[in-house]
Amino acid sequence: MGPFIRAASLRGFVPLVGELGGEPQGLLARFGINPVTLASDDGLISITAHDRMLDAAATELERPDFGLLLAERQDLTILGPLAVAIESSPTLAEALRCSSRFIFVHSPALQIGVVPDPRSARGVVALSYRKDLLMSPYSPQAMELGLGLFHRVAVALAGDGRGIRSVEIPHSPQSPVQRYLEFFGCDVQFNATIGALRVERAVLDRRFDGADLTISRLALAHLAREHPDLNVAAAAQVRRTMAELLATGVPGLPQVARLLALHPRTLQRRLSGEGVSFDELLDGVRRDAAHRYITATGLPLGQVANLVGFTEQSSLSHAVRRWFAMSPRELRRVGAAVAEDGR
1 MGPFIRAASL
11 RGFVPLVGEL
21 GGEPQGLLAR
31 FGINPVTLAS
41 DDGLISITAH
51 DRMLDAAATE
61 LERPDFGLLL
71 AERQDLTILG
81 PLAVAIESSP
91 TLAEALRCSS
101 RFIFVHSPAL
111 QIGVVPDPRS
121 ARGVVALSYR
131 KDLLMSPYSP
141 QAMELGLGLF
151 HRVAVALAGD
161 GRGIRSVEIP
171 HSPQSPVQRY
181 LEFFGCDVQF
191 NATIGALRVE
201 RAVLDRRFDG
211 ADLTISRLAL
221 AHLAREHPDL
231 NVAAAAQVRR
241 TMAELLATGV
251 PGLPQVARLL
261 ALHPRTLQRR
271 LSGEGVSFDE
281 LLDGVRRDAA
291 HRYITATGLP
301 LGQVANLVGF
311 TEQSSLSHAV
321 RRWFAMSPRE
331 LRRVGAAVAE
341 DGR
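Numbering (full-length UniProt numbering), first residue to last: 1 to 343.
Derived by calculation from the structure, the hints in this document are not laboratory data. Where hints are given, some of them may not hold.
[Said to hold, decoys possible] Listed next, with one range per pair, are the computed distances between beta-carbon atoms:
id, residue 1, residue 2, range
1, Ala224, Gln25, 35 to 41 Å
2, Ser317, Ala156, 42 to 48 Å
3, Gly185, Asp205, 19 to 25 Å
4, Ser100, Gly252, 19 to 25 Å
We treat Cβ as the ideally placed atom computed from N, Cα and C, and that holds for glycine.
Please put together the full structure from these sequences, using the hints given.
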């Protein structure tokens with residue numbers, strides 16, 4: 001099956017498709033998802049099939065806001081036992097820490113974290129939401145579902161949306177911009193370097209009304225016992241860190257090692273033990289970012305070059321030919337054709 005996601009992520013999918021005039025059973029069958037699996041939140045389904053089905057539903061039902069519609073039908077409880085730990089946390093910072101630590105229970109392909117503000121605003125940080133594209137291809141509807149739910153949960157925990165500066169979406173608008181503004185109730189930026197909620201740093205320390213340290217500790221202990229932390233390979237940690245840093249420039253070994261609290265030589269040894277080098281990982285991260293920007297956005301190629309760390313568009317062209325055996329413009333045309341075939 002490959003990387004999975006818990007069936008809870010499709011909570012509300014069947015009735016929503018039916019209400020929009022579609023045939024949910026047909027969609028499930030086409031993408032190899034057993035309806036019986038959806039009967040339990042803890043059922044496991046392929047995250048790639050899950051995401052492609054969302055994109056197909058949006059196109060075929062002529063609802064480009066399908067991901068947002070589904071997010072409106074969901075809440076924190078789709079995360080199962082992790083939800084208890086989150087909602088009993090004393091602050092948003094603590095809730096994010098346990099989310100980052102245990103989000104692999106929901107899907108090992110998903111990552112949540114706190115990163116520097118991609119727009120470098122003073123007193124602002126970004127709450128990032130991303131999928132590891134080495135595990136599964138990018139999906140606009142899955143990203144909008146994830147960010148939509150992330151936003152709803154953040155507002156519910158904090159009590160209101162004050163302090164949220166903007167929502168960052170890594171692709172072009174799928175729906176009229178007004179739809180996004182109405183859903184999120186704040187500024188929305190498209191073709192962003194990461195999927196994220198930009199918030200005032202002070203929001204992270206705001207105390208939750210429902211905080212209960214005893215329940216929080218018990219919930220975390222239960223998660224640690226039932227779902228031991230993944231023995232995350234150094235390569236996976238490095239890829240994740242590189243992807244988060246790429247928007248600010250090409251990350252170097254010392255910078256990545258510092259963020260992982262490792263000496264550069266120690267990090268090199270660990271990567272070598274896994275049969276991979278820092279430069280190979282960096283090349284892969286830049287390749288995946290370039291593919292997403294070229295095929296999922298309409299950004300000018302010169303801007304794409306800057307976003308993946310090239311000073312010249314010609315350097316991007318050479319790299320894309322090496323990676324995909326075609327020019328950036330050809331890759332964009334192929335991406336558009338693939339998207340059209342999926343409709």
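Do the hints match the structure? See the list:
Judged by the Cβ atoms, the range 35 to 41 Å given for Ala224 and Gln25 holds: they are separated by roughly 39 Å. At roughly 46 Å, the beta-carbon separation of Ser317 and Ala156 lies within the given 42 to 48 Å, and the hint holds. Our hint of 19 to 25 Å for Gly185 and Asp205 holds, since their Cβ atoms are close to 22 Å apart. Between Ser100 and Gly252 the CB atoms are about 24 Å apart, so this pair conforms to the stated range of 19 to 25 Å.
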